[in-house]
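Please arrange chain B on chain A, whose structure you already have, making use of the hints.
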Amino acid sequence: MEQAIVLKNICKKYEGFALQNISFSQPKGTIMGFIGENGAGKTTTIKLMLNLIHRDQGELLILGRDPRGDFNEVKEALGVVMDEVGFPENLTATNLNSMLKQIYRSWDETIFDNYLLKFRLPGQKLIKTFSKGMKMKLSLAVALSHHAKLLILDEATSGLDPIVREEIIDFLLDFIQDEENSVFMSSHIVSDLEKVCDHIAFIHRGKLVFCESKETLREQYGILRCDSGQLCEIPPEIICGQRHYNMGSETLIRKDRYHGDLRVDPASLEEIMIFTAKESK
Amino acid sequence: MKGLLIKDLYNLKQQAKFLLVLVAFYAFLGVQNNDISFLSGMLSMLAILLPITAISYDERSKWDRFALTMPVSRETLVQSKYLLSLLTLVFSLIVTLILLPLLGEHVLEDYWGILASTGAALLMISILMPLIFHFGVEKARYLMLILVLVPILLLFLLRSLVKGPFPELAFIQNLDTNWLWLIPVFLILALWLSYKTSIQIYHRKEF
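Read top to bottom, the protein sequences are chains A and B. By our numbering, the letter at position 203 of the first sequence is numbered 203, and the numbering carries on one by one without gaps. By our numbering, the letter at position 18 of the second sequence is numbered 18, and the numbering carries on one by one without gaps.
No lab work stands behind these hints: they were computed from the structure. Just so we're clear, the structure is a prediction, and the values are computed from it rather than from any experiment. Take these hints with a grain of salt, some might be off.
Label pairs and their calculated CB-CB ranges [claimed, not checked]:
#: 1; chain 1: B; residue 1: LEU115; chain 2: A; residue 2: LEU126; range: 34 to 42 Å
#: 2; chain 1: B; residue 1: ARG204; chain 2: A; residue 2: ILE189; range: 30 to 38 Å
#: 3; chain 1: B; residue 1: LEU102; chain 2: A; residue 2: LYS132; range: 46 to 54 Å
Taking lysine-lysine pairs in the DSBU-like style, the calculated list, with each CA pair at most 35 Å apart, reads [claimed, not checked]:
#: 4; chain 1: B; residue 1: LYS205; chain 2: A; residue 2: LYS125
#: 5; chain 1: B; residue 1: LYS205; chain 2: A; residue 2: LYS135
#: 6; chain 1: A; residue 1: LYS118; chain 2: A; residue 2: LYS28
#: 7; chain 1: A; residue 1: LYS8; chain 2: A; residue 2: LYS149
#: 8; chain 1: B; residue 1: LYS139; chain 2: A; residue 2: LYS128
#: 9; chain 1: B; residue 1: LYS196; chain 2: A; residue 2: LYS8
#: 10; chain 1: B; residue 1: LYS62; chain 2: A; residue 2: LYS13
#: 11; chain 1: A; residue 1: LYS132; chain 2: B; residue 2: LYS139
#: 12; chain 1: A; residue 1: LYS118; chain 2: A; residue 2: LYS149
#: 13; chain 1: B; residue 1: LYS139; chain 2: A; residue 2: LYS125
#: 14; chain 1: A; residue 1: LYS28; chain 2: B; residue 2: LYS205
#: 15; chain 1: B; residue 1: LYS205; chain 2: B; residue 2: LYS17
#: 16; chain 1: B; residue 1: LYS196; chain 2: A; residue 2: LYS13
#: 17; chain 1: B; residue 1: LYS205; chain 2: A; residue 2: LYS13
#: 18; chain 1: B; residue 1: LYS205; chain 2: A; residue 2: LYS207
#: 19; chain 1: B; residue 1: LYS205; chain 2: A; residue 2: LYS149
#: 20; chain 1: A; residue 1: LYS207; chain 2: A; residue 2: LYS135
Even glycine gets a Cβ: it sits at the ideal position worked out from N, Cα and C.
The following block holds chain A by itself, in its conformation from the complex (with noise of 0.2 Å):
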């Protein structure tokens, strides 16, 4: 399967701060979801996907090439949302408009149109009027714009409200119908993630936990309930998380490795990267 996305150990150092051997690959086609704690590294793994900053070591290919060589190509194929959207203040969504179909060789007005309307967005007001969702939504609208292959969306459904959401989510499921295209976003609300992605990268502390399609992750993961002399009976081995009640306590085990007798509950997404950050402290 030919991949949207290749990371194999990259680094990238800072004061305090270190990615550290990031390795995964992302199958066209696919939505992947990229959680971790704030400063987990993020935005940092996405800027050097897109060559903003300087990777220390390792290999990197977005849609089969180095964002560090000749990009420009994969770029007119990229839709990319940042968490602070970067417009140009001055300018009006029909200013912007004009400008980028000069940048975009496949630019789509027609489409561009479409979404200012569908977003209800002015278009001869000056962006730096908006407010922060209304920004995020023309970001959205830029990016989907000029016919992307690969969605790279950093935060960016965060500022937005459940039905702008909903409509985010809806369109991402039409958008990788398209075998061709991919969308790799990372946010906060994993409840979002859960529900689109094939598939969660969790980043902790600049290191990747895991990076596993979302039944895999339900297969091997599950909740347990039970009090403190039931829990001795467990092997420690498959216990990747805990919480303690006054009675009882609540734990993150790996149910396929589990063969007791004892109930085990689902696991959602954000009790698998709750439990698994705190443990990994």
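Just chain B now, with coordinates in the frame of chain A:
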């Protein structure tokens, strides 16, 4: 490239309107005082100011980071800023050349003055651009101020030490005009060097 320039022009529209009023005001003053040499200097200054303002807008809105996710290379971004500077400089030169005959009397020396101030503006741009790309507009502004003020202050100091007629005036009057063609060559060389340096700096930058 065209898209980037279109963006800068849209971005500067408000600012440019204000500057046109300023130019009109100085033109009026010039006619009143029968001295328009000041106007040409003013216009070249504005020609430097506009591209710098454009870059400071970009910095504030984090435009570069966004632009680099589009099919725009780092070289093109740097090129567009130099091109914008040259365009505003040419534009101001044309405006001055049109205004000059309209505003009454002028002599050959006025034209030399225009050329000189355009040249000075070009040199300023060449020095300023790499500083801006390296330090950002805010810090580069102060550095430029220092770069301009220090030689002036030094000159004043020297002057106060030397008694009698101004030696620098004599120096300029005795200059061999046969070497005058060296000035444009020097300016072009400075611009080229500045451009190469800016590209180098910009390649190392992280966003």
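(request) Against the earlier hints, flag every one the structure doesn't satisfy and list their numbers going up. (result) Hint check: nothing fails, all pass.
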